[in-house]
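2 protein chains.
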Amino acid sequence: MTSTNSIPFDTDQIRSQIDHAMGAFLDTLNLPSKLDEPVRYSLLAPGKRIRPLLAWASAQAAGGDGSESLPVAVAVELIHAFSLVHDDLPALDDDDLRRGRPTLHKHAGEAAAILAGDAMLALAFEAVSKVRPHPTTDTHAKLITQLCQGTRAMIAGQVYDTLGGFDDSLSDQQKIELIHTNKTGALIHAACVMGATAASADQPTLDLVSGFACDLGLKFQIIDDLLDVQGDPKLVGKALRKDDDANKLTYPAVLGIERSKEIIGTLHRDALSKLDQIGPASSGLRLLLDLMTNRSH
Amino acid sequence: MTSTNSIPFDTDQIRSQIDHAMGAFLDTLNLPSKLDEPVRYSLLAPGKRIRPLLAWASAQAAGGDGSESLPVAVAVELIHAFSLVHDDLPALDDDDLRRGRPTLHKHAGEAAAILAGDAMLALAFEAVSKVRPHPTTDTHAKLITQLCQGTRAMIAGQVYDTLGGFDDSLSDQQKIELIHTNKTGALIHAACVMGATAASADQPTLDLVSGFACDLGLKFQIIDDLLDVQGDPKLVGKALRKDDDANKLTYPAVLGIERSKEIIGTLHRDALSKLDQIGPASSGLRLLLDLMTNRSH
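Quick mapping for you: the protein sequence lines, in order, are chains A and B.
The first sequence begins at 1 in the numbering used here and counts up one residue at a time.
The second sequence begins at 1 in the numbering used here and counts up one residue at a time.
Because the hints were derived from the structure by calculation, they are not lab data.
On a predicted model such as this, the values are computed, not experimentally measured, just so you know.
Watch out, some of these pointers could steer you wrong.
With beta-carbon atoms standing in for the labels, derived distance ranges [unchecked claim]: (1) A:Ile-257 x B:Pro-102: 40 to 46 Å; (2) B:Gln-13 x A:Leu-97: 52 to 58 Å; (3) B:Lys-130 x A:Thr-28: 26 to 32 Å; (4) A:Arg-40 x B:Glu-262: 37 to 43 Å; (5) B:Arg-40 x A:Asp-172: 26 to 32 Å; (6) A:His-20 x B:Gly-165: 21 to 27 Å; (7) B:Asn-30 x A:Pro-204: 24 to 30 Å; (8) A:Asp-168 x B:Pro-280: 55 to 61 Å; (9) B:Gln-277 x A:Ala-24: 38 to 44 Å; (10) A:Gln-17 x B:Asn-294: 44 to 50 Å; (11) A:Leu-170 x B:Ser-16: 36 to 42 Å; (12) B:Arg-40 x A:Ser-67: 26 to 32 Å; (13) A:Arg-40 x B:Asp-290: 40 to 46 Å; (14) A:Leu-29 x B:Gly-23: 32 to 38 Å.
No more than 25 Å apart at the CA atoms, straight line, and that leaves these computed lysine-lysine pairs for DSS-like [said to hold, decoys possible]: (15) A:Lys-142 x B:Lys-142; (16) A:Lys-248 x A:Lys-106; (17) B:Lys-130 x A:Lys-142; (18) B:Lys-175 x B:Lys-130.
Partial selection, computed: residues in chain B whose CB lies under 8 Å from chain A [to be verified]: (19) Ile-7; (20) Val-159; (21) Thr-162.
Ideal placement from N, C-alpha and C gives every residue a C-beta, glycine not left out.
The shape of chain A in the complex, shown without the other chains (with noise of 0.2 Å):
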């Protein structure tokens, strides 16, 4: 099925209405000054809401206008947006420079980033607990759950990445893909699965959302790895080559850029065929499937 029919889906202003929401969930919630600084200072910076753009697609896809989407939008983003204040930091990343500014720990101070970190992964779940569209399902709770296991898996991607450990037997192919399929993948198969679940998502709806947020998220971080080797820092808004200082597997290191590219299309035709079995509907996520192939940044 192709989507003639497809529904609006318009990011510039899908990522507004994110945005208001963000600073609304954020005045609801007197934090300190020396917290609610930093927190905005990252969750707020300029940033393309991939995940909450997923998010909405996804509540689109499962039958929804997509605003359904809107709380589980906003934790998504807090998971991520938390994820890059911590991965940053001195004894992880030590980066200076994320989305074109200085990282929190050199804007605010190693303390601030920490606690700032620590208060949006908390925050997230407050965020989706103002999803109760059926207070008489477990809609909540599914959703609690979706958020546990995405932020478990994309700490234990971190783990994986920075700390290493992995079993004896494994090859390094199927350590990248270990490493990528948490760190990266996880968040953005939670931002999927959970738009769709808060819009009420029927379970073959749930389970192709769910398995092309899988060939959606290994894609994007082998395009991110290809950017690392081949991207121009100006446009990334960061310093590139990290990954090759530091000795870390990534998928051009270990298969080349030809294979790697051979991965993405296939990941990409992969992620097409749930699209088409969901229909028109799933024109958002279409849509976002393109523009996160053709990033140079």
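With the hints as your guide, set chain B onto chain A.
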């Protein structure tokens, strides 16, 4: 009403069940070894398990047998362990010793300590999700909200304590109350109300447990301040006089030792009056109140 018909509350036996539940929960997760080891090092370290015991006793106060609280007991101990690990980091309190052993960043490195703390924070929400005594009511949503609020307030308290940023209009006593009711009080409060909620407390009991927890939490922290001035490092199991070194606000520093002791007495009487209103089922909470009053470490 006096507690002549008190119910059994064997702290060693309950601690043993709590420790077993924490280990069993971790066993289900299959964490990477480089994450699993630091999480177990912190979470399963010998400790008083004050917050889990409070959750258990609060469940009894609400008419349960206590065991209803096990998942929330695990959750609050995970939050407590996360907060200790991050608070001990060089950028925050920079402590080398905790519970008589090297702090996690001394034992496993700073990256592992940051990531294990993050994981424990996220896992707390996963632990709560094991409580679904009444799938058709929103007990689960209530517990998540209580845990969110407790965790957020705890982090806010640490921000006030570490980074300041108080409203100019506050007195030193108001500042120290703000620090303590958030930094220590909020998680003690969450432990109590979550324990009672897990055992399906009625609203009057929940209100009494909540009020008791506020009295207890503040009292506990003032005692901690006093131990820092007057305690024996060998018994307390961590470096002392840190507060004095860092010019931190504490009750003895702001109000003097005698006045601090008077406030402790008032809080103790207030707490007891709430337990009297709950009746014999509050005997576990009464025992914990006494334990926490008479502690020397």
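Here is what the structure says about each hint:
1. Distance hint check for Ile-257 of chain A and Pro-102 of chain B: the Cβ-Cβ separation is about 44 Å, which falls inside the suggested range of 40 to 46 Å.
2. Distance hint for Gln-13 of chain B and Leu-97 of chain A: a CB-CB separation of about 54 Å, consistent with the stated range 52 to 58 Å.
3. For the pair Lys-130 of chain B and Thr-28 of chain A, the beta carbons lie near 28 Å from each other, so the given range of 26 to 32 Å is met.
4. Checked against the given bound of 37 to 43 Å, the beta carbons of Arg-40 of chain A and Glu-262 of chain B, roughly 41 Å apart, stay inside it.
5. Restraint check, Arg-40 of chain B to Asp-172 of chain A: a C-beta distance of roughly 29 Å satisfies the suggested window 26 to 32 Å.
6. Taken as a hint, the range 21 to 27 Å holds for the pair His-20 of chain A and Gly-165 of chain B, whose Cβ atoms sit roughly 26 Å apart.
7. For Asn-30 of chain B paired with Pro-204 of chain A, a C-beta distance near 28 Å keeps the hint of 24 to 30 Å intact.
8. Separation of Asp-168 of chain A from Pro-280 of chain B is about 58 Å and conforms to the stated range, judged on CB atoms against 55 to 61 Å.
9. A hinted range of 38 to 44 Å for the beta carbons of Gln-277 of chain B and Ala-24 of chain A is consistent with their spacing of about 40 Å.
10. With their beta carbons about 56 Å apart, Gln-17 of chain A and Asn-294 of chain B fall outside the hinted range of 44 to 50 Å.
11. Here the CB-CB span from Leu-170 of chain A to Ser-16 of chain B is close to 37 Å, well matched to the stated 36 to 42 Å.
12. At about 42 Å, the beta-carbon gap between Arg-40 of chain B and Ser-67 of chain A misses the expected band of 26 to 32 Å.
13. With their beta carbons about 44 Å apart, Arg-40 of chain A and Asp-290 of chain B fall inside the hinted range of 40 to 46 Å.
14. Taking the beta carbon of each, Leu-29 of chain A and Gly-23 of chain B are about 35 Å apart, inside 32 to 38 Å as hinted.
15. For the proposed pair Lys-142 of chain A and Lys-142 of chain B, the alpha carbon gap of about 15 Å is at most 25 Å, so the pair holds.
16. For the suggested pair Lys-248 of chain A and Lys-106 of chain A, the alpha carbons sit about 24 Å apart, so the restraint of at most 25 Å is met.
17. Distance check on the hinted pair: Lys-130 of chain B and Lys-142 of chain A sit about 12 Å apart at the alpha-carbon level, within 25 Å; holds.
18. Proposed proximity of Lys-175 of chain B and Lys-130 of chain B is contradicted: the alpha carbons are some 37 Å apart, above 25 Å.
19. Interface restraint check: Ile-7 of chain B against chain A, minimum CB-CB distance 30 Å, threshold 8 Å, status violated.
20. Because the beta carbon of Val-159 of chain B sits about 4 Å from the nearest beta carbon in chain A, less than 8 Å, this interface hint is met.
21. Hint status for Thr-162 of chain B: holds, given a least beta-carbon distance of 5 Å to chain A, under 8 Å.
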